[in-house]
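J.: Starting from the known structure of chain C, arrange chain G on it as the hints suggest.
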Amino acid sequence: MSEKILQVKDLTVSFSSYAGQVHAVRDISFDLCRGETLAIVGESGSGKSVTTKAILGILPGNGTIEGGEILYNGMDLAKCSDKEFESVRGKKISLVFQDPLSALNPIMKIGKQIMEALVLSKAATKGEAKERALELMRRVGIPQPEIRFNQYPFQFSGGMRQRIVIAIALACNPEILICDEPTTALDVTIQAQILELINEIKERNNLSIIFITHDLGVVANVADRVAVMYAGKIVEFGRSEEIFYDPKNPYTWALLSSMPDLDTKEQLFSIPGTPPNMLHPPAGDAFHERNQYALKIDTREAPPFFKVSDTHYAATWLLDPRAPKVEPPRVLRERIERMKRRAAEHAGQ
Amino acid sequence: MPDSEKKVLLDVQNLKTYFSSGHGRSKHVVKAVDDVSFRIFEGETFGLVGESGCGKTTTGRTIIRLYEPTGGEVYFDGKKISGKMSKDDLRSLTRNMQMIFQDPVASLNPRMTIEEIVSEGLRVGGMKDRAQRLELVYAILDKVGLTKDHATRYPHEFSGGQRQRVGIARALVTNPSLVIADEPVSALDVSIQAQVINLFNKLKDEMGLTILFIAHNLSVVKYFSDRIGVMYMGKLVEVAEADDLYRHPIHPYTRSLLSAIPQPDPLFERRRVRIPYDPSIHPYDREEPQYYEILPGHRVYASPSEYERYQKELGLR
Numbered sequence: 241m242s243e244k245i246l247q248v249k250d251l252t253v254s255f256s257s258y259a260g261q262v263h264a265v266r267d268i269s270f271d272l273c274r275g276e277t278l279a280i281v282g283e284s285g286s287g288k289s290v291t292t293k294a295i296l297g298i299l300p301g302n303g304t305i306e307g308g309e310i311l312y313n314g315m316d317l318a319k320c321s322d323k324e325f326e327s328v329r330g331k332k333i334s335l336v337f338q339d340p341l342s343a344l345n346p347i348m349k350i351g352k353q354i355m356e357a358l359v360l361s362k363a364a365t366k367g368e369a370k371e372r373a374l375e376l377m378r379r380v381g382i383p384q385p386e387i388r389f390n391q392y393p394f395q396f397s398g399g400m401r402q403r404i405v406i407a408i409a410l411a412c413n414p415e416i417l418i419c420d421e422p423t424t425a426l427d428v429t430i431q432a433q434i435l436e437l438i439n440e441i442k443e444r445n446n447l448s449i450i451f452i453t454h455d456l457g458v459v460a461n462v463a464d465r466v467a468v469m470y471a472g473k474i475v476e477f478g479r480s481e482e483i484f485y486d487p488k489n490p491y492t493w494a495l496l497s498s499m500p501d502l503d504t505k506e507q508l509f510s511i512p513g514t515p516p517n518m519l520h521p522p523a524g525d526a527f528h529e530r531n532q533y534a535l536k537i538d539t540r541e542a543p544p545f546f547k548v549s550d551t552h553y554a555a556t557w558l559l560d561p562r563a564p565k566v567e568p569p570r571v572l573r574e575r576i577e578r579m580k581r582r583a584a585e586h587a588g589q
Numbered sequence: 027m028p029d030s031e032k033k034v035l036l037d038v039q040n041l042k043t044y045f046s047s048g049h050g051r052s053k054h055v056v057k058a059v060d061d062v063s064f065r066i067f068e069g070e071t072f073g074l075v076g077e078s079g080c081g082k083t084t085t086g087r088t089i090i091r092l093y094e095p096t097g098g099e100v101y102f103d104g105k106k107i108s109g110k111m112s113k114d115d116l117r118s119l120t121r122n123m124q125m126i127f128q129d130p131v132a133s134l135n136p137r138m139t140i141e142e143i144v145s146e147g148l149r150v151g152g153m154k155d156r157a158q159r160l161e162l163v164y165a166i167l168d169k170v171g172l173t174k175d176h177a178t179r180y181p182h183e184f185s186g187g188q189r190q191r192v193g194i195a196r197a198l199v200t201n202p203s204l205v206i207a208d209e210p211v212s213a214l215d216v217s218i219q220a221q222v223i224n225l226f227n228k229l230k231d232e233m234g235l236t237i238l239f240i241a242h243n244l245s246v247v248k249y250f251s252d253r254i255g256v257m258y259m260g261k262l263v264e265v266a267e268a269d270d271l272y273r274h275p276i277h278p279y280t281r282s283l284l285s286a287i288p289q290p291d292p293l294f295e296r297r298r299v300r301i302p303y304d305p306s307i308h309p310y311d312r313e314e315p316q317y318y319e320i321l322p323g324h325r326v327y328a329s330p331s332e333y334e335r336y337q338k339e340l341g342l343r
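Chains C and G supply the protein sequences, listed in that same order. My numbering runs 240 ahead of the 1-based position in the first sequence. My numbering runs 26 ahead of the 1-based position in the second sequence.
By construction, these hints were calculated from the structure, which means they are not laboratory data. Computed from a predicted model, the values in this text were never measured in an experiment. Quick reminder that beta carbons are idealized off the backbone N, C-alpha and C, glycines included. Mixed in with the good hints, there may be bad ones.
Unchecked claim - With a straight-line cut-off of 25 Å between C-alpha atoms, the simulated DMTMM-like cross-links for lysine to aspartate or glutamate are: (1) G:228 - C:243; (2) C:505 - G:68; (3) C:442 - G:295; (4) C:505 - G:295; (5) C:505 - G:311; (6) C:505 - G:70; (7) C:505 - G:114; (8) C:505 - G:252; (9) G:230 - C:503; (10) C:580 - G:295; (11) G:169 - C:529; (12) C:580 - G:270; (13) G:174 - C:529; (14) C:505 - G:209; (15) G:230 - C:501; (16) C:505 - G:231; (17) G:169 - C:506.
Claimed, not checked - If we take Cβ atoms under 7 Å as the criterion, some of the chain C residues that face chain G in the derived model are: (18) 461; (19) 502; (20) 510; (21) 583.
So that you can see chain C by itself, here it is in the shape it has in the complex (with noise of 0.2 Å):
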């Protein structure tokens, strides 16, 4: 495996509420390596967002890094002071937003704002500034950059805007950017040409990117590593190929299975109830109230990481040598089926 450019190691963050201790992320560890992408995903509340939050120390007043180390060249961005984080956040590691209109400043000029990076860092001077912010604006494929240069947010189209914004997270070469959810908002023709930059950025740049989404289908496409969240803990994480076609957690089955692809026909697989509060998170294994696969065990213990293979670990007692053999739902195991022929077809031709 290649470099560890980024190293997660027990980090728990919690969230103080009028209502008492909300613990949004709960003691997970995972590393980036240069050049990859890993896609966490889960629903909203898993934890996800917090994550990237506290890499880059940008939590709300509210929360609080309660134990673990974000080690990055050297630094534990866990305990790092504000001043400190001024040479890694927006240089080394930068973030796209989900919503491109509410990370842009609706009354400065889009130019000024891609170049407010640089010259406050003072990296260049204004002139040099214009320069790469053009250069920026060519490169992820602004038309006619010298004419947009001097216009407004509101004069860009949504897909438009978010190669905005990923110019402004480029703006400083950054090694490490972090995407939330950056195609959420898009529709889907304009996701797939901002994955296709996306993927393209990486490739040039040998990028690492931390991305998070919700949508399987955009996993697919950009991820080289994946990681699932549930209830603020990682369940499940290895190689795109080995969580899509054999996926060992029953949150990953049930994720996979609940969304239909183009050639179901049968009955959805729905979780039911709904994600746990995590103001009391469960114990044990805190899926345990939804999964119809539950052991006795996951309401008493939390299972640890059992190991698939080399890159592929997953968190559930049912990988224990003396749980029973269950099979994935038969939906799932359809689907990995029909895309297993599809990719042999692929290969005959």
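T.: Only chain G this time, still in chain C's reference frame:
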């Protein structure tokens, strides 16, 4: 069953909805829905897809009279429902045609209890006896997977998925024959989406509903609809049976749209080729476009020369 033998429940003919802003020289007209015609047969689900701003929501809202159409007619069960209507006709229409909204938070009045919200349609429709209304409310709550106890609560006490169930109960309590569902699942979480879609499917069979399903998630539309219409810039560019549309997309926009759907299959994603769509390829400045039925039940918006080309591509000529 051939189309001619099926009963047409909703017939939309040359519907136009324009919005204008400004006056005089600075007057600007947006053709949100421009000459759209389609029919929905009794008992089927008709999906309407397209990107944001293509006019799919406006179409739904114009049909249910939330907007005044600029031109064209809408017939429901053989009766004209666009333009002037008597109070009695309107009342029976609102009972028979209901809408489910996208945002389950914004579409429920926070100061009304669930009972008030769900029974309002009955009360306005002339059912004066509260006990009688309550009975129907309890029955519909049970049907959508809520309980009697929920009736006395307020919307903020519910999760997103439950609120959408309330929205569905509110729409279905008057026992409508047509439901217009405008992006009913897109605000919900993945696991909750599946619950609501399954609920829809169940209710559709139990109550014999006809549904106009408006959405931008093409996988969900495909799964849920019998027939699908694709809209682009206010025009309905293609209408076909769901399977047929995905197997033989004809209009270049439909092809582009379908090629952009990401699928949860990494190996497939790696070799997927996106087909870009360039609206300027159409020779509409020289030839008048119109609807052609290219295959049985499959209509496409094209000019004569394009129609000829599409036919050749399908091997019909």
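J.: Which of the numbered hints above does this structure break?
T.: The structure conflicts with hints 1, 5, 7, although it agrees with all the remaining ones.
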